[in-house]
Structures are given as C-alpha cells and as structure tokens.
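**Q** Following full-length UniProt numbering from start to finish, the sequence shown increments by one per residue and tops out at 968.
The hints are simulated quantities; they were obtained by calculation from the structure and are not laboratory data. Treat the hints with care, since some could be wrong.
[As the list claims (entries may be wrong)] Computed Cβ-Cβ distance ranges for the label pairs, DEER-style: (1) Leu287 with Val545: 48 to 58 Å; (2) Asn518 with Lys573: 20 to 30 Å; (3) Leu768 with Arg104: 55 to 65 Å; (4) Glu531 with Asp184: 15 to 25 Å; (5) Phe801 with Asn518: 45 to 55 Å; (6) Lys372 with Ala669: 22 to 32 Å; (7) Thr49 with Asn98: 32 to 42 Å; (8) Lys372 with Gln59: 39 to 49 Å; (9) Glu373 with Ser466: 17 to 27 Å; (10) Leu520 with Glu151: 42 to 52 Å; (11) Val746 with Glu531: 50 to 60 Å; (12) Ser466 with Leu762: 51 to 61 Å; (13) Arg104 with Ala669: 21 to 31 Å.
All values derive from a computational prediction rather than experimental measurement. Glycine included, every Cβ here is placed at the ideal spot set by N, Cα and C.
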Amino acid sequence: MASNLGTRIGRVLPVSMNPSSILVWNVRGLNRKAQRNSVRDLAEAEGRTWWFSGVYGPQEDEDKLVFLQELRDIRASCSGPWAVAGDFNLIYQAADKNNNNFNRAMMGRFRCFLDDLELKETPLLGRKFTWSNERDSPTLVRLDHVFCSAEWDEIFPDAVLQSTTAGARYRKKKIFISKLQVEDRLYVSQDEKQEVVADFYENLLGSAGERDYYFNLAAFHTQQQHDLSPLEAPFTEEEVWAVIRDLPMDKAPSPDGFTGRFYKCCWNIICSDVLAALYAIYGGHVLKFRLLNSAYITLLPKTGDASTVKNYRPISLIHSFAKLVTKILATRLTPMLPKLVSNNQSAFVRGRNIHDNFLLVQQLARAMHRSKEPHILLKLDISKAFDSVSWSFLIEVLQHLGFGRRWCNLMSLLLSTSSTQVLVNGVPGRLIHHRRGLRQGDPLSPMLFILVMDVLNSLIQVASSSNLLLPLAGRCSWPRISLYADDAVIFLRPESMDLSVIRDLLQCFGAVAGLKTNLLKSSAIPIQCSEEDVARTSAILSCSVGGFPCSYLGIPLTIWKPSKADLLPLIDKIANKLPGWKAPLLSKAGRLVVVKYVLSATPIHLMIALDLPKWVIKAVDKRRRGFLWKGQEQANGAVLMYGGLGVHDLERMGWALRMRWLWFMKTDASKPWAGLPIQIPSQAKALFEMAVEMVVGNGENTKFWTDKWLHGRRLADIAPNLLRAIPKRVAKRRTVSQALTNRCWVSDIKGALTVQVLTEYLHVWELLEGVELQPDTPDTPIWRPSSSGCYSSKSAYEVMFIGTIKFSPWKQIWKTWAPAKCSFFIWLVINNRCWTADRLAKRGLPHHPACPLCDQAAETINHVLSSCVLAREVWTLVLQRLNIIVRPPDQDSRLNSWWCRAVSLLPKEMRKGFNSLLHGNYGSIGMLAFLRISDRMLGWFQAVANEGHLWCLAGARALQDLVLRASS
Numbered sequence: 001m002a003s004n005l006g007t008r009i010g011r012v013l014p015v016s017m018n019p020s021s022i023l024v025w026n027v028r029g030l031n032r033k034a035q036r037n038s039v040r041d042l043a044e045a046e047g048r049t050w051w052f053s054g055v056y057g058p059q060e061d062e063d064k065l066v067f068l069q070e071l072r073d074i075r076a077s078c079s080g081p082w083a084v085a086g087d088f089n090l091i092y093q094a095a096d097k098n099n100n101n102f103n104r105a106m107m108g109r110f111r112c113f114l115d116d117l118e119l120k121e122t123p124l125l126g127r128k129f130t131w132s133n134e135r136d137s138p139t140l141v142r143l144d145h146v147f148c149s150a151e152w153d154e155i156f157p158d159a160v161l162q163s164t165t166a167g168a169r170y171r172k173k174k175i176f177i178s179k180l181q182v183e184d185r186l187y188v189s190q191d192e193k194q195e196v197v198a199d200f201y202e203n204l205l206g207s208a209g210e211r212d213y214y215f216n217l218a219a220f221h222t223q224q225q226h227d228l229s230p231l232e233a234p235f236t237e238e239e240v241w242a243v244i245r246d247l248p249m250d251k252a253p254s255p256d257g258f259t260g261r262f263y264k265c266c267w268n269i270i271c272s273d274v275l276a277a278l279y280a281i282y283g284g285h286v287l288k289f290r291l292l293n294s295a296y297i298t299l300l301p302k303t304g305d306a307s308t309v310k311n312y313r314p315i316s317l318i319h320s321f322a323k324l325v326t327k328i329l330a331t332r333l334t335p336m337l338p339k340l341v342s343n344n345q346s347a348f349v350r351g352r353n354i355h356d357n358f359l360l361v362q363q364l365a366r367a368m369h370r371s372k373e374p375h376i377l378l379k380l381d382i383s384k385a386f387d388s389v390s391w392s393f394l395i396e397v398l399q400h401l402g403f404g405r406r407w408c409n410l411m412s413l414l415l416s417t418s419s420t421q422v423l424v425n426g427v428p429g430r431l432i433h434h435r436r437g438l439r440q441g442d443p444l445s446p447m448l449f450i451l452v453m454d455v456l457n458s459l460i461q462v463a464s465s466s467n468l469l470l471p472l473a474g475r476c477s478w479p480r481i482s483l484y485a486d487d488a489v490i491f492l493r494p495e496s497m498d499l500s501v502i503r504d505l506l507q508c509f510g511a512v513a514g515l516k517t518n519l520l521k522s523s524a525i526p527i528q529c530s531e532e533d534v535a536r537t538s539a540i541l542s543c544s545v546g547g548f549p550c551s552y553l554g555i556p557l558t559i560w561k562p563s564k565a566d567l568l569p570l571i572d573k574i575a576n577k578l579p580g581w582k583a584p585l586l587s588k589a590g591r592l593v594v595v596k597y598v599l600s601a602t603p604i605h606l607m608i609a610l611d612l613p614k615w616v617i618k619a620v621d622k623r624r625r626g627f628l629w630k631g632q633e634q635a636n637g638a639v640l641m642y643g644g645l646g647v648h649d650l651e652r653m654g655w656a657l658r659m660r661w662l663w664f665m666k667t668d669a670s671k672p673w674a675g676l677p678i679q680i681p682s683q684a685k686a687l688f689e690m691a692v693e694m695v696v697g698n699g700e701n702t703k704f705w706t707d708k709w710l711h712g713r714r715l716a717d718i719a720p721n722l723l724r725a726i727p728k729r730v731a732k733r734r735t736v737s738q739a740l741t742n743r744c745w746v747s748d749i750k751g752a753l754t755v756q757v758l759t760e761y762l763h764v765w766e767l768l769e770g771v772e773l774q775p776d777t778p779d780t781p782i783w784r785p786s787s788s789g790c791y792s793s794k795s796a797y798e799v800m801f802i803g804t805i806k807f808s809p810w811k812q813i814w815k816t817w818a819p820a821k822c823s824f825f826i827w828l829v830i831n832n833r834c835w836t837a838d839r840l841a842k843r844g845l846p847h848h849p850a851c852p853l854c855d856q857a858a859e860t861i862n863h864v865l866s867s868c869v870l871a872r873e874v875w876t877l878v879l880q881r882l883n884i885i886v887r888p889p890d891q892d893s894r895l896n897s898w899w900c901r902a903v904s905l906l907p908k909e910m911r912k913g914f915n916s917l918l919h920g921n922y923g924s925i926g927m928l929a930f931l932r933i934s935d936r937m938l939g940w941f942q943a944v945a946n947e948g949h950l951w952c953l954a955g956a957r958a959l960q961d962l963v964l965r966a967s968s
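Using the sequences plus the hints, can you model the full thing?
**A** And the structure:
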C-alpha cells in the first residue's frame with residue numbers, strides 16, 4: 001500500500017495497538033510531541049497548518065477520565081484545525097456495539113467530551129466494528145475513530161475513513177459510488193459501474209417475468225362496489241391549477257429540468273399547451289407520450305458501507321409532465337382509498353397513520369403473551385416490492401374493484417410508456433423500458449401498491465375464516481395481519497398446518513402479484529413458545545428466529561416496558577443530529593429554530609406510541625439545553641404566551657399526544673386496534689376526562705360512571721360514596737345504555753348501604769328521571785378546549801398551562817416582522833438574560849461595572865436600553881422622526897412597562913410596525929453598548945431605517961410608512 005501511494009508517504013506507523021489501524025503522513029515540515037496516551041503532530045496542508053493527535057486509549061475507567069482530560073489539554077494548546085484518531089477504547093453511541101452491555105456513564109462522558117471540544121466524526125467505510133473478542137458469540141465494538149474540528153473539515157471536506165481491506169483512500173466524496181461488487185468481482189471504473197447498474201435494473205424493471213398462476217379475485221377479495229366514476233371525469237383547468245399550486249417550488253428536477261416554480265410562474269403562458277396535452281391523453285391520443293414519460297433513477301445508500309446495487313435505494317426523478325398527470329390522478333384517488341383498502345393497511349390512506357399499525361401489533365403481541373398460549377409473530381421481508389409488481393395483476397385488481405375502462409387504460413398507458421436511466425455518480429446510463437414495477441417518487445404508485453397488497457390481506461383473512469388457520473387466543477375479531485405498505489406482520493400458531501398454509505399463501509401471492517417474500521430475511525418471533533415450536537417454525541418457514549425487543553415501523557416493539565438499551569438509539573439519534581460542533585455556527589435564534597423543529601420533533605414518533613420514561617426525557621432535555629445555550633440554562637418548555645421560547649415540554653407533550661388514543665376510542669370504532677387495551681398515562685386520562693363532555697345519543701359509547709355526560713358532570717363526582725359501593729371492574733366498563741336498561745345500575749350496587757350511599761343513590765335516581773336515550777343517534781364527544789369541539793394535540797398541550805401567569809409582551813416580541821434573531825434578543829432583554837455587568841457580578845466573572853455609554857450608572861440591560869442618557873436621547877429622536885406622540889422613557893422607567901404603555905397609546909394599525917422598528921432600535925443600541933462604542937448616535941437612526949427598508953423588501957410591506965418617516 002505504501003508503494004502504491006508513492007512519494008506522498010513519508011512514514012507508516014500504527015495509530016494504536018491494533019495493527020489494522022495505521023497513520024500515513026508526509027514527514028516534511030513535521031513537528032512531533034509525544035505524551036502518555038497520544039502523539040501530537042503539527043503538519044501543513046494546502047497552505048494551512050493543522051494539528052494531528054494519534055491516540056491509544058487505556059482500559060480502566062479511571063484512566064479513561066485522565067485520558068480524556070489529557071486530550072482536552074492538548075486541544076487547549078493546539079489552536080486551529082485539529083484531528084485526533086486511533087483506538088479510543090470508548091464508544092459514544094449504542095450502534096458502536098453489537099449487544100446491550102453498555103457503560104452508559106462512560107458513553108455520556110465521551111459524548112460530552114466530543115461536544116465540549118466541538119468535534120465531528122469522519123465516517124468509517126468498509127466495516128461497522130473494529131474489535132472482536134473472537135468468541136463463538138463474539139462481542140463486536142467500534143473502538144477506532146477519527147474526529148476533527150470544523151476548521152480541519154474545511155481543509156479536507158470530503159475526507160472519510162476507509163477500511164484498509166477495501167483499499168486505502170485518504171479523500172473521497174461521501175455519496176460517491178466508488179465501487180460495486182457482483183459476487184466475488186469488484187468493479188471500480190465508471191463504465192463498469194454503469195454497466196453493472198444498468199444490467200441489474202434491466203433484469204428488475206425491463207423483464208416482465210413469467211406468470212403461470214392467476215387469482216379468482218371474485219372468490220375471496222372484497223365484493224363491495226363503490227361509485228368510482230368521478231375518477232374518469234375530464235380534466236379541468238381549475239383542477240390542474242390546484243395541483244400545480246401544491247407542487248413544491250424547488251424539488252429535485254426531472255430529466256426535463258422543470259420544477260414546480262416554473263409551472264407556477266409561467267402558468268399563464270403554458271396553460272393552453274398543458275391542457276391540450278392533458279386532453280390528448282384523456283382522449284387516448286398518446287403516440288408520443290413515451291417521450292414525456294421518462295425518468296432518472298438516483299441511488300441513495302441504505303447503509304454507510306453500501307457495496308452492491310441492492311444496498312442502494314432507487315428514487316425516480318420523473319419527467320415533470322408525466323408527474324403532473326399522475327399527481328392529478330392521485331389527487332382524485334385519495335378520497336376514495338379509505339373505502340377500497342382494509343382498515344389494517346394505514347400507509348398512504350388519508351385519516352390513518354403509522355401508529356395504528358404499531359398499536360395493533362403491540363397490543364396483539366401483549367394479548368398473546370398474557371394468554372400463555374404459543375403464537376408466532378412473523379415479520380415479512382418482501383423483496384424489491386415496488387419494483388416487482390406485476391402490471392397484469394394490478395389491472396386485474398383495478399377491474400375487480402370497479403375502476404372503469406378509461407382509468408385502467410390510463411394506468412396501462414402510464415406504465416407501458418415509462419422508461420428510465422439510472423444515474424451513477426451523476427452520469428445517466430442506457431435507457432431501460434419498463435415492463436413491470438411501480439416507480440418510487442411517483443405520487444400515484446404508493447396508492448396502486450397498497451391496492452395490490454390488500455389482496456394479501458384478503459387471502460389471510462379468508463384462510464382464517466375458513467379454518468385453514470387456527471384461531472388466535474381470546475377474541476377472534478382483531479385482524480391477524482398488519483400492513484403498512486410492504487411492512488407486513490402476521491400472527492399465527494406454531495402448528496405445522498398453520499405454518500405450511502402461511503408459507504404456501506405467500507408463495508402463491510408472490511407468483512401471481514410478483515411480490516415475492518424472502519423468507520430467509522423474514523423473522524419469526526416466538527411468543528410463549530417451546531423449543532420444539534421454535535424449531536418447527538424455523539424448519540417449515542426457513543426463516544430466522546428473533547425475539548423481543550425488535551423494531552417495527554421504527555419503534556421498539558416489546559411485550560414488556562422498553563429497557564434503557566431499547567431507547568438509547570433515540571438519544572443517540574438526537575445527539576447525532578446536533579453535535580456540539582454545530583452550535584457555534586448558528587446564532588441563538590438559529591439554534592432555537594433547530595431545537596424546536598428538529599430536536600423536539602425527533603422523539604414525537606416514539607412519544608405517540610410509547611410512554612417515554614423520565615430518564616429519556618431528561619436526557620433529551622439535556623441535549624436540547626446544551627445545544628441552545630451551550631450551558632446549564634433551562635430549555636424553557638413554556639408556550640410563548642406564558643413567557644417561554646415555545647420549546648415543547650416533552651413530558652406534557654407526551655401526555656397530549658397520547659390522548660389521541662382516548663379520543664379515537666370515542667370517535668372511530670373502525671381502528672384496527674379498537675377493543676384492545678391501550679395503556680395511557682394517568683395524567684393524560686385525568687385531563688381527558690376533564691376536557692371531554694359527552695352528548696348522549698344511544699348511550700353505547702359513553703361510560704356511565706366515569707364520563708362527563710350528566711349536566712356537564714361525572715356521576716363519579718356527583719356520587720363518590722355510591723361509586724365505592726360498586727365493583728371497580730363494573731364501574732369502569734358500564735355504559736349509559738347498559739346502565740339505563742331496566743335500571744341495571746341499581747343492581748350493580750354491592751357495597752354497604754350507608755346513609756351517604758343512600759342519600760347519593762336517591763339523588764342520582766332523581767337526576768336520571770329525565771334522561772331519554774335516542775337509539776338511532778350515536779354519542780358525540782365534545783373537546784371543550786377547542787372551539788371546533790375536536791381534539792388536537794396542540795389544544796391538549798396548551799390546556800396544561802391554564803392557570804399560568806401570562807407574559808404580557810409576548811405578542812410584541814414574537815408577532816412582529818422582525819427577524820427571529822431580533823425577537824430572541826428582546827426576549828433575553830425582557831427576561832434579564834443578557835451578559836451585562838450585574839449578571840457577570842452575580843457569577844463572580846470579571847466585568848466593568850459602569851455603563852459603557854454614559855459611565856454614570858451601573859450597567860444593567862434596562863439601563864443600557866432605556867434609562868441611559870444616550871438611550872433616552874435615541875428614543876426621543878426616534879419618536880420625533882416617526883411623529884409618534886408617546887413620552888420617551890425617563891430615568892426611572894422599566895423597559896417592559898414603558899414599551900407596553902407606548903404601544904397601548906398607538907392606533908391599532910401602527911402597533912405591529914412600531915414593535916418591529918423597536919426591535920431594530922434595541923438591537924442597534926445593544927450592539928453599540930456591548931462593543932463599548934460611546935460616540936454619540938453614530939448614524940444610529942439611519943442604520944435603523946436601512947434595516948427597516950430591508951425588512952420591507954423581505955415582506956413587511958406594512959412597515960413601509962414608518963420607514964419612510966424615519967428616512968425623511
């Protein structure tokens with residue numbers, strides 16, 4: 001390898017005790033200093049000097065702390081670009097080890113070290129782990145790392161760490177396909193890689209495959225007919241423009257290079273041509289449509305070390321006109337899908353979400369476990385699902401469901417005229433004409449795909465109802481299959497008959513639909529199974545045997561509470577999204593945006609499905625707090641109107657999100673998990689019972705004792721002593737309809753009849769005298785915190801802050817035209833969080849006590865911006881120039897009080913503009929104060945006016961009048 005690199009090498013030495021880790025560098029101009037655990041070098045590259053430290057970490061925890069401190073000291077003495085590499089004997093994320101035996105404390109210290117020194121990791125390609133204990137069931141760990149500072153990354157922006165077993169390269173593009181492997185042969189030239197990729201997709205998309213079997217869909221698939229005639233209506237200009245209006249402006253362009261921005265901006269010019277082309281397609285005149293139905297396929301790596309074509313995910317960049325056609329058809333089909341697809345398929349169906357499927361699988365698995373009867377949870381792996389759909393079978397399904405001839409002809413047209421070129425490192429390959437499959441990136445393809453997958457659902461359900469499959473334990477009304485696009489889970493008994501039937505059904509479905517299940521990659525997870533059951537399952541299905549916990553739809557699935565090891569990946573994911581080196585590159589306002597819309601949004605997917613333990617919430621809060629403040633300040637989870645920054649309180653947000661399941665229990669009985677017990681935090685239940693009032697119709701969906709239905713109150717609150725005399729299980733389940741039928745609620749009373757119980761009994765009897773049920777009217781829940789009466793997580797979250805003192809200037813701070821950085825600064829000012837002399841003195845930090853502008857009083861943020869002589873002079877001039885009759889702040893004024901009083905004296909139409917200009921004025925005064933500039937005025941007013949003019953150009957048009965006054 002050294003000889004191949006030639007004169008670029010001066011020396012090759014081990015970085016660590018692991019002989020597979022080597023350091024290669026040019027010795028010219030090298031300055032070295034050795035320490036106990038590291039070697040430090042000063043080198044020069046591209047005209048800039050940079051530092052390198054090679055390390056070998058110690059084994060004992062106490063020595064590791066000393067080792068990390070040594071690296072801190074090295075970094076303190078090495079200013080500028082710095083890289084550190086070697087065997088650290090430490091990990092900082094769960095993915096760096098193949099088991100759950102973690103030292104979380106040491107992982108946290110290592111992560112803290114990386115964030116404090118603002119280091120980023122150079123990716124390792126070619127292998128996932130770098131150390132093994134070489135046992136039968138080995139422990140694999142990634143101990144070797146390369147970290148660098150942001151300055152070093154600027155010098156070598158494309159640097160990666162490449163495993164030496166695959167060749168040595170010191171620079172490489174991160175998404176560049178450097179090599180492709182086919183069996184035992186490696187292809188590295190551009191022409192060879194293009195040929196390999198083209199051959200792969202030619203075999204996948206360009207060949208239809210033989211189809212020897214057919215389904216009699218009328219015998220088992222849904223027979224319900226729906227009116228689908230609106231799908232075949234002629235295209236209208238209003239319909240086309242509505243679709244174009246919703247197109248993203250600058251999404252990745254298609255082969256023709258036109259984006260949504262082009263169609264929107266040029267619609268008046270191209271309207272007639274586009275409509276003429278659409279009418280031609282509708283009329284069947286499609287001789288040259290093939291020219292407009294082309295696409296590029298771009299390849300995105302599924303893993304960091306992708307080396308085969310299968311390891312890349314294909315995304316189609318479709319010709320803009322063909323995509324417009326499919327978008328129009330998808331818009332028409334969207335409202336029809338809920339009627340055409342079973343309720344246990346949630347993907348791409350409006351009104352359904354991914355968590356419905358997770359809850360179904362989670363609660364069914366727990367129910368099977370509680371039954372103490374053997375079951376198998378089978379996770380299916382369908383090979384190349386979108387790319388393998390049989391076109392003929394798709395048309396058969398559409399015709400069976402009642403789609404008309406014109407719609408089926410349009411589908412045939414779109415499919416048969418499609419063609420693709422695969423991009424390899426930006427270079428398009430040879431043209432491939434499609435003969436099967438659906439294009440990923442086409443808005444219509446997901447909907448067609450789930451219509452095909454729904455046939456598998458019907459097959460499983462018919463097999464179950466025909467007693468080909470043994471019934472599951474307990475109730476049999478729940479679906480035994482869960483579908484989310486091609487993510488399928490099936491519950492079955494570990495009996496030979498059931499296993500053989502499922503295997504044969506999957507093979508038949510694959511032979512007919514083209515969607516073949518790869519059982520070798522599928523996983524069978526036993527529930528209460530014996531070793532004999534597990535062996536039988538593995539032998540018949542030829543699949544791997546897994547266990548709980550496992551991952552389903554990106555969420556840890558377990559029949560118990562998730563362990564710490566199960567949830568560590570969430571914390572690692574958040575930490576990896578926002579490492580410490582990114583924080584200094586953003587302003588505080590920029591960090592706030594990232595914290596609110598990235599860090600706070602990341603755990604929401606899990607929070608909807610799981611109750612996150614407090615240690616996870618604290619860990620996430622620590623990450624958010626550290627990124628926002630780079631210190632120990634609170635992230636401030638209050639909403640804006642209560643003085644917060646709008647960063648979500650994760651615990652309260654979790655309660656608000658989990659309340660949706662209680663709402664769906666009241667409003668949507670069609671959910672696939674309906675009837676299964678859902679664990680909801682007690683705090684969320686209590687708030688839900690307080691916030692929801694039931695309007696009783698037939699009384700079948702209203703709990704007699706625990707729901708708020710009688711004169712806006714709960715019977716549990718009206719008669720608490722009477723409730724104690726009723727068995728808890730009965731009180732929890734009894735509905736209004738059941739209770740009032742033959743006065744069944746009276747017979748539920750089993751406890752002692754004390755005076756209080758009898759008194760409350762008579763009172764309840766009187767209250768119920770006037771209650772009459774309406775058999776034909778369903779019960780209606782009303783969500784009181786929302787004016788619409790419907791639950792939303794936003795209203796549920798906000799109601800938790802009722803009773804909190806409102807922050808009076810919140811609208812003046814956040815509801816202006818000023819940029820976020822100005823609003824954030826004003827928030828700091830109002831909350832006295834600016835680093836003026838008074839705050840520095842409290843913390844014992846060096847400071848100059850006097851105001852830098854007037855040198856007459858102690859420096860506080862209130863003095864600098866309002867009561868200082870120079871500040872008052874500025875405010876007087878501002879108000880005079882703007883012709884605003886408001887008294888400027890005096891020496892004793894508090895900034896917040898003066899601001900609120902001044903705004904209240906202005907006409908309503910001027911308030912927002914005045915607040916926006918004040919943001920800019922505050923910023924100007926504050927900047928000059930903190931820069932210690934005391935020259936009077938320094939063109940302040942013109943600077944504020946210029947800034948206001950830029951805001952007007954950015955969209956604050958109503959600010960123009962005040963800006964013109966300021967400039968005159």
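**Q** What hints, given by number in increasing order, does this structure fail?
**A** 4, 13
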